[in-house]
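Engineer: Given next are the chains, with one letter for each unit.
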Amino acid sequence: MRLTGEEEAMRAGAFGPAVQWAIDHQIRVGRYLGAEDFVPVSQVHIMADTESLGVAGVEWLENWARLPAEHRRVRVPTITDPRGTDFAAAHRLKHQPWMLDLERRAIAAFEALGILMTDTCINYQTIMPPVRGEHVAYGDTGVVIYSNSVCGARSNFEGGPSALSAGLTGRTPRYGYHLDERRRATLLVQLAATPRDLADWGALGGIVGRLAGDYWQVPALVGLDRVPGSDEMKHFGAALASYGSVALFHMVGITPEAQRLEDVIPDGHVRTHDVGEADIRAFQRAYAQEIETVDLVVFSAPQLSLVEMRQLADMLDGRRAGIPLLAVTSPQVKPDADRMGITRRIEAAGGTVLSGMCFYQSYAREMAEQNGWQRLATNSAKLTNIIGGYGYRPALMSMAACVDAACAGGRIGARTET
Amino acid sequence: MSGKIFYAAAGMGAKVRAPALVAKDGFSARYDLDRIKGVFSRPQHKLAGESYVGRVLVLDAAKGGVATAWMLYEMKSRGVMPAALVLNAVNPIMAQGAALADFTMISGFDEDVTRAIPDGALVEVDPTAERASIRIITAETKG
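From first to last, the protein sequence lines stand for chains H and A. Going by my numbering, the first sequence opens with residue 1, and the numbers climb by one from there. Going by my numbering, the second sequence opens with residue 1, and the numbers climb by one from there.
To be clear, the hints were calculated from the coordinates, so they are not data collected in a lab. Quick caveat: nothing in here was measured; it's all calculated off a predicted structure. Hints may be right or wrong, so weigh each one.
According to the in silico footprint, chain A covers these stretches of chain H (three or more CB under 8 angstroms from chain A) [to be verified]:
(1) 147-155
(2) 160-167
(3) 203-215
(4) 384-391
Heads up, the beta-carbon is just placed ideally off N, CA and C, and yes, glycines get one too.
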């Protein structure tokens, strides 16, 4: 890779050992992925829950946090993805003291590095959405795909170590979705139906993700009969990234880089797939097969926006959940939900509002063992894709159907009267 | 088949020799593994229930989220990890995780290595050569 004078100085240790490690790490990654040089970044987002970090990862962070202040601080605004617990509700989830201790240690280390503990995977809705053409280094695949596709920003999937490196050096290797040529569509998806609710958008994301197949594929969609809203884009993108490891999509006539089909498919030669209503229903049915009752309902992955929180409260008014119902939002949304009475309404119906965490990033296997949870209903296709590996059997349903199941003691397909 | 060699577009880490565990399926440490027991745990995965410890995983594509970038390092700290990862298609997360953990990984081939390499074959993965490669030492397969 070509290095500037400043980058050579970083590599020689002029800015301390943390920056030296960071630029070396980035060079190794950049060489592997064909980067020719670095590109400056303006924002960084780090995924680093302690279930992923483990004790080894937290100790690794603490080593950097013990450096002198001038050698350990990030040089561009750097924020965090959800943590592994909500301290205010940890006892309700039966999180163990060792988990909380590890979380506190990780938080202290991040704070010493100058990182802003935003604890959110919906920063594009709540913190500072990137603008078209802005080079950033984001973790959380849902954050990357939304920022790339809906905002027109430029990021690869940056795992925790690489995101931290970008914060420390203020740059990232220029490969993948920082390059114009990588942002063209590689497959075309012709839709015969526009999804209706968030679970449908997630299912469509899962279908397109499976069609795409890997990180280097960029789907372009045509045939939508309206412009999706932010929460719809959020669920679609999160599922597409989860099922396909995809980091960028285009919706022709809607997303900023695809005003016309020829903007993203200039030569007109890509593979084409047709997707319709029957595909979306079949995708959802595949997950609910042989599940008649569930042990809990989870709304998470991504964290709920204020609008989703109010939709949930509206559905729960005057009703009572007979099984655990968890609604997970961001620390930025939660105070608004509190102030507007939304949290009170959800909890009055027996739900639990959680903040700053995400269900699958919060020791999901241990929660299952401690609480006797196995069968789970959710409207998040992303969560459905992930949670099977933690021993759960997930059912993908609309928010309304999930609420109905919760209020029927877990029975799927029931509609309790209010 | 013994001695057959497959060249990769990129590689990192040390040279290793171990039995291959092969499937036409993806890989994500978060989605697919019980990292405490060292087995594939996602029921839909073609290797569900199989131990990955000490095996050269030969799989199709990197899948899932960003957590693998941390998890390879954590798995290595406990010694419950594969010997190497060989992928038809890599994503940045795998490269980032392998770089942090000093883990052996190669990726990008002219043919589908999940079809070309027999499950259970003893293989040698060499990212240190001028062209990174995987070579079949003995092709005897399990069971």
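Engineer: Broken hints, numbered, in rising order?
Structural biologist: 1
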